[in-house]
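Sequences and hints are given; from them, build the entire structure.
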Amino acid sequence: MEFKQGDWIRIEKNGTAYEGKVMPSMEGYITIKMKSGYNAGFSTDKVRITLLENNGEIANGSRNGWKECKSAKEETSEPGKKLPKVAILSTGGTIASKIDYRTGAVTSQFTADDILTAIPELKKIADFKGRVISSILSENMDSESWQNLARAVMEEIEAGADGVIVTHGTDTMMYTAAALSFMIKTPVPIVLVGSQRSADRPSSDNAMNAICAALVAISDIAEVSVVMHGTTSDNFCEIHRGTKVRKMHTSRRDAFKSVSSLPIGVVDYNTREIKTFVDYTRRGETSLKFKPGMEKKCALVKFTPGSDPEILDFYINGGYRGLVIEGTGLGHVSTKWIPMIRKATDAKMTVIVTSQCLNGRICDRVYDTGRDMLKAGAIEGEDTLPETALVKMMWVLGQTDEFDKAVEMLREDISGEITESTLK
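In terms of the UniProt record's numbering, the sequence shown is residues 1 to 424.
These are calculated hints, taken from the structure and not from any lab test. Each statement offered as a hint is correct.
In silico SDA-like pairs for lysine to any residue, Cα to Cα no more than 25 Å straight-line:
id, residue 1, residue 2
1, K257, C363
2, K33, P120
3, K124, T271
4, K85, L288
5, K46, R10
6, K35, D114
7, K297, R151
8, K375, R342
9, K375, P305
10, K297, S134
DEER-style ranges, computed between Cβ atoms:
id, residue 1, residue 2, range
11, E310, D220, 44 to 54 Å
12, K4, E285, 50 to 60 Å
13, N317, D401, 14 to 24 Å
14, D234, N317, 47 to 57 Å
15, R131, R365, 45 to 55 Å
16, T286, N148, 19 to 29 Å
17, E158, T335, 47 to 57 Å
Since this is a predicted model, take the numbers as computed values, not measurements. Note that the Cβ used here is the ideal one computed from N, Cα and C, for glycine as well.
So, in structure tokens, the structure goes:
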């Protein structure tokens, strides 16, 4: 049997059939990627092999158990119906990934147009324009990446987009969501979406997440939001405010949760209806504003019992302009850290204190240590998430060189990162 890497084949062994794509294999063996997402290896002299698909063309009928989808170009909306214009900006991540049959690993090389082809139902929701901003895994994002993405979002809105979808890796999506929230005041929805499981797995969440994101992109929720599975089932997605969301699990499909806040709402996957729970900025309510400045010399430091306060010297002597300290429950650090906090603020370094607890808000007025921290110039982060506080600080210090002005801005609620009262 003649076959090559990337072909779809059936392997029969001991009365059991296995189907999958041919992966890189050792001599005398064959490895396939099955529809379950798992790999299986066989000795070539002990199996029967049938070629099912060669170079994308079906050789012996349709794939067993797989539904064949029409290409996105074949999908048509209702005649005469004018659809909203939505831009899909691809940055990479699992939602924009596919199997690299050279290595057997998942690679982030899927374009925005590929997403439309893979999920043709999107074509019924809006008139999409695809654009690749980057093709990287989210751990490779940085402040320059955020700024480039923000400029692209601005360009699409200025060009008339009724909404913007950003496909993004899940591991650092909350940082990018926060960055866009501070850099852009938007009159239309800006929706970040990803997937926990790649498209080759039957349990992939990419299609449902993308469809729900598209529905939010044409809604009246004119904020930066993150749209991901609300449960492990395929029933609804949650709409999270970009400054109040965190990835809370490594692999579950409902990994993203709003912290110290209700989600903005949910999207029912079956009915396509959106239900909201909190106030939000509506479409057209805000004029388009863009302030992209970001200060790179900022850091997030986690306090732990017994940690040496001299670690702060690295940032002070290194010319850092901002420091976020993730403190204990109410936002405390050791008494030994307080002189270093004073040294930092005396050097005109802004210092924000947040909590390791995530839910709830800090209060440095209960115990002596907290009061001493405030006297040393630390700023209470209220109920701001540590990573959101870091991005906010980078953005604030990118807007002003004045220390007092920066402190004033860091105490303000700019993009929903601070709530008036915390849920109990």
